[in-house]
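Participant: Top to bottom, those sequences are chains B and G.
Residues in the first sequence are numbered consecutively from 1, following the working numbering.
Residues in the second sequence are numbered consecutively from 1, following the working numbering.
Just to be clear, a hint being listed does not mean it is correct.
Said to hold, decoys possible - Computed list of lysine to aspartate or glutamate pairs in EDC-like fashion (alpha-carbon distance at most 20 Å, straight line): (1) Lys149/B with Glu95/B; (2) Lys222/B with Glu277/B; (3) Lys11/G with Asp41/G; (4) Lys223/B with Glu204/B; (5) Lys167/B with Glu209/B; (6) Lys92/B with Glu103/G; (7) Lys11/G with Glu191/B; (8) Lys256/B with Glu245/B; (9) Lys63/G with Asp238/G; (10) Lys11/G with Asp237/B; (11) Lys256/B with Glu209/B; (12) Lys15/B with Asp41/G; (13) Lys11/G with Glu95/B; (14) Lys40/G with Asp66/G; (15) Lys167/B with Glu191/B; (16) Lys69/B with Asp238/G; (17) Lys223/B with Asp237/B; (18) Lys98/B with Glu122/B; (19) Lys92/B with Glu100/G; (20) Lys98/B with Glu100/G.
In short, the hints are calculated from the structure, not lab data.
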Amino acid sequence: MSVIEVNHLTKYYGKARGIIDVSFHVNEGENFGFIGPNGAGKTTTIRLLLSLIYPTSGSGTIFGKDCIKYGPELRQEIGYLPSEVFYYERMKVIELLKYSASFYNRDCTQRMHELAELMELELHRRIEDLSYGNRKKVGIVQGLLHQPKLLFLDEPTAGLDPLMQRKFFQLIREENQRGVTVFFSSHILGEVQRMCNRVGIIKEGRIIEIADIRTLQQNNYKKVRVAATDLDAAYFDIPGVTNLEHHNGTVRFFYKGDINAVMRKIGEITVSDVTIEEPTLEEIFMHYYE
Amino acid sequence: MTMNIFRQELKMHLRSVITWSVAVAALIFVYVSLFSSFAKDAELLNEMMANFPKELLTAFGLKGVDLSTVLGYFGFVFLFVQICLAIQAANYGFSLVSIEEREWTADFLLAKPVGRTQILTSKLLAALSGLAITDIVVWISSLAFITLFKGERTYEVNPLLLLLLSIVVFQLFFLTVGLVVSLLVKRIRSVTPYSMALGFGMYVLAVFGDMLGESTLEKVTPFKHFEPNYILQNGAWDLPLVLISISVIVISLVGSYVLYTRRDIPAVV
Numbered sequence: 001m002s003v004i005e006v007n008h009l010t011k012y013y014g015k016a017r018g019i020i021d022v023s024f025h026v027n028e029g030e031n032f033g034f035i036g037p038n039g040a041g042k043t044t045t046i047r048l049l050l051s052l053i054y055p056t057s058g059s060g061t062i063f064g065k066d067c068i069k070y071g072p073e074l075r076q077e078i079g080y081l082p083s084e085v086f087y088y089e090r091m092k093v094i095e096l097l098k099y100s101a102s103f104y105n106r107d108c109t110q111r112m113h114e115l116a117e118l119m120e121l122e123l124h125r126r127i128e129d130l131s132y133g134n135r136k137k138v139g140i141v142q143g144l145l146h147q148p149k150l151l152f153l154d155e156p157t158a159g160l161d162p163l164m165q166r167k168f169f170q171l172i173r174e175e176n177q178r179g180v181t182v183f184f185s186s187h188i189l190g191e192v193q194r195m196c197n198r199v200g201i202i203k204e205g206r207i208i209e210i211a212d213i214r215t216l217q218q219n220n221y222k223k224v225r226v227a228a229t230d231l232d233a234a235y236f237d238i239p240g241v242t243n244l245e246h247h248n249g250t251v252r253f254f255y256k257g258d259i260n261a262v263m264r265k266i267g268e269i270t271v272s273d274v275t276i277e278e279p280t281l282e283e284i285f286m287h288y289y290e
Numbered sequence: 001m002t003m004n005i006f007r008q009e010l011k012m013h014l015r016s017v018i019t020w021s022v023a024v025a026a027l028i029f030v031y032v033s034l035f036s037s038f039a040k041d042a043e044l045l046n047e048m049m050a051n052f053p054k055e056l057l058t059a060f061g062l063k064g065v066d067l068s069t070v071l072g073y074f075g076f077v078f079l080f081v082q083i084c085l086a087i088q089a090a091n092y093g094f095s096l097v098s099i100e101e102r103e104w105t106a107d108f109l110l111a112k113p114v115g116r117t118q119i120l121t122s123k124l125l126a127a128l129s130g131l132a133i134t135d136i137v138v139w140i141s142s143l144a145f146i147t148l149f150k151g152e153r154t155y156e157v158n159p160l161l162l163l164l165l166s167i168v169v170f171q172l173f174f175l176t177v178g179l180v181v182s183l184l185v186k187r188i189r190s191v192t193p194y195s196m197a198l199g200f201g202m203y204v205l206a207v208f209g210d211m212l213g214e215s216t217l218e219k220v221t222p223f224k225h226f227e228p229n230y231i232l233q234n235g236a237w238d239l240p241l242v243l244i245s246i247s248v249i250v251i252s253l254v255g256s257y258v259l260y261t262r263r264d265i266p267a268v269v
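If we strip away everything but chain B, and leave its shape as in the complex, we get (with noise of 0.2 Å):
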């Protein structure tokens, strides 16, 4: 069954493009990645879902009924981590988080604690005197404390430190392992990578591919940089590479394929360094336009 199904949706903010005919759908119990670097309307296309703001055209669903129409009673089950986290300033942490619990029909006291417990959140603090990593610690905990069916993430780690961010990484399996459907937007292909099963790539407000993480993955270019004395660039040039560059007794490039062959031609010779690196977001992008 599709949780969240997509279609056509069309955002434009006046003459500002939003998204253009966007269409795609998660199924139940799925780890959707939605990757795209900043500004391509993946904020934009979580909104719409939300009925923060309304669509040009298109429409959307969440367990096959209308987002907006239904949009009161759909966001019982659905958890909201927004990118920029705003709490109401003057308020106590556990204050804000009572308050955001009040909202739903169920009781949310034990499993918010449970939460603020795990994620380190001081209840007591005002909400004006937290940190950045603090706030967002607050938006984990009021997304969850309801114990939603479906989890929208927006950047969800951007400002938690790394010990945070894997306790946040683990939450989130266990949420979804429970069933909990996960549509997690981010531009930071790692975590994506590790996180979801599939993948749905969004540039300029278009959807370009949507892919089962593994094929993403093998379909990957990996950026090799080779520095070596007396390094003739043509050394190289073997199927798979591309974009073959030679600069200062360094050899770039990047590679498709299996990961083996380069690495016998780089035994083969005497380096005085090597990095093998996944490309950027940015990089992969530019492989899709080509």
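Fit chain G to the known structure of chain B by using the hints.
Facilitator: Structure of chain G alone, referenced to chain B:
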């Protein structure tokens, strides 16, 4: 309406409600306490006022007013009360929805399982409750301080009660107009300039209307719809004008609901 939003809103209004109520009560106290000294030299005062330029008297709502009577004096005082109430109500109207967008908390509230109509109704009722508290303070302090300082003089109670009751509609005008304007513009960065402009603007319109003898202006501004001297002298509201106020309130309210339920909530970019 949802009770949790209402309670939360009322809590957020409370400090401002108390401040305004105390300020207005203090204003009434200070002016009314001066009444006996005014009244003592009433002859002299009325004579002096006769020499003032007519425009100046009009500006302060003193034209054809006998400051030596309780109601004549209170009508003059009440103009200042009205200005305060107008600004307070306009403040609440302009900030009702816009504050959530300015401080970016709208995403939090609107992602909760409530409809926008419910949110707006809860917010409106909370603001109204705040204004009602101020009203009660104005009513009690007006009656108390008049009784305290009127001395031997007597006055008719009914016109005074009509004037005091009129502030409910008067505030509604500024609350709802503020609200609908805040929904017509894209973003309100600061509420004060807007509420000052609306409050004083309407007052200035009333004054200009008087000075120029321009009766079209008085149709626009609630300061004319609920002119203290008119109510006190006639013991009645100027009904056609009051109906204009009420129509504006109804239109603004309906407009606000229509605009708010269709509004795109701005996001941080």
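Participant: Does each hint hold? Answer for all of them.
Facilitator: Evaluated hints:
1. Lys149/B with Glu95/B: With Cα atoms ~24 Å apart, lysine 149/B and glutamate 95/B exceed 20 Å; violated.
2. Lys222/B with Glu277/B: Holds, at about 6 Å.
3. Lys11/G with Asp41/G: Roughly 47 Å separates the two Cα atoms, so the pair is violated.
4. Lys223/B with Glu204/B: Status violated; Cα separation ~24 Å.
5. Lys167/B with Glu209/B: violated (30 Å)
6. Lys92/B with Glu103/G: holds (16 Å)
7. Lys11/G with Glu191/B: Distance of about 41 Å is beyond 20 Å: violated.
8. Lys256/B with Glu245/B: Since the Cα atoms of lysine 256/B and glutamate 245/B sit roughly 16 Å apart, the hinted pair holds (cutoff 20 Å).
9. Lys63/G with Asp238/G: holds (18 Å)
10. Lys11/G with Asp237/B: Since the Cα atoms of lysine 11/G and aspartate 237/B sit roughly 71 Å apart, the hinted pair is violated (cutoff 20 Å).
11. Lys256/B with Glu209/B: holds (18 Å)
12. Lys15/B with Asp41/G: Outside the cut-off at roughly 68 Å; violated.
13. Lys11/G with Glu95/B: holds (12 Å)
14. Lys40/G with Asp66/G: The hint holds at about 13 Å.
15. Lys167/B with Glu191/B: holds (13 Å)
16. Lys69/B with Asp238/G: violated (45 Å)
17. Lys223/B with Asp237/B: holds (14 Å)
18. Lys98/B with Glu122/B: Measuring from Cα to Cα gives roughly 14 Å; hence the hint holds.
19. Lys92/B with Glu100/G: Distance ~17 Å between lysine 92/B and glutamate 100/G Cα, so the pair holds.
20. Lys98/B with Glu100/G: holds (19 Å)
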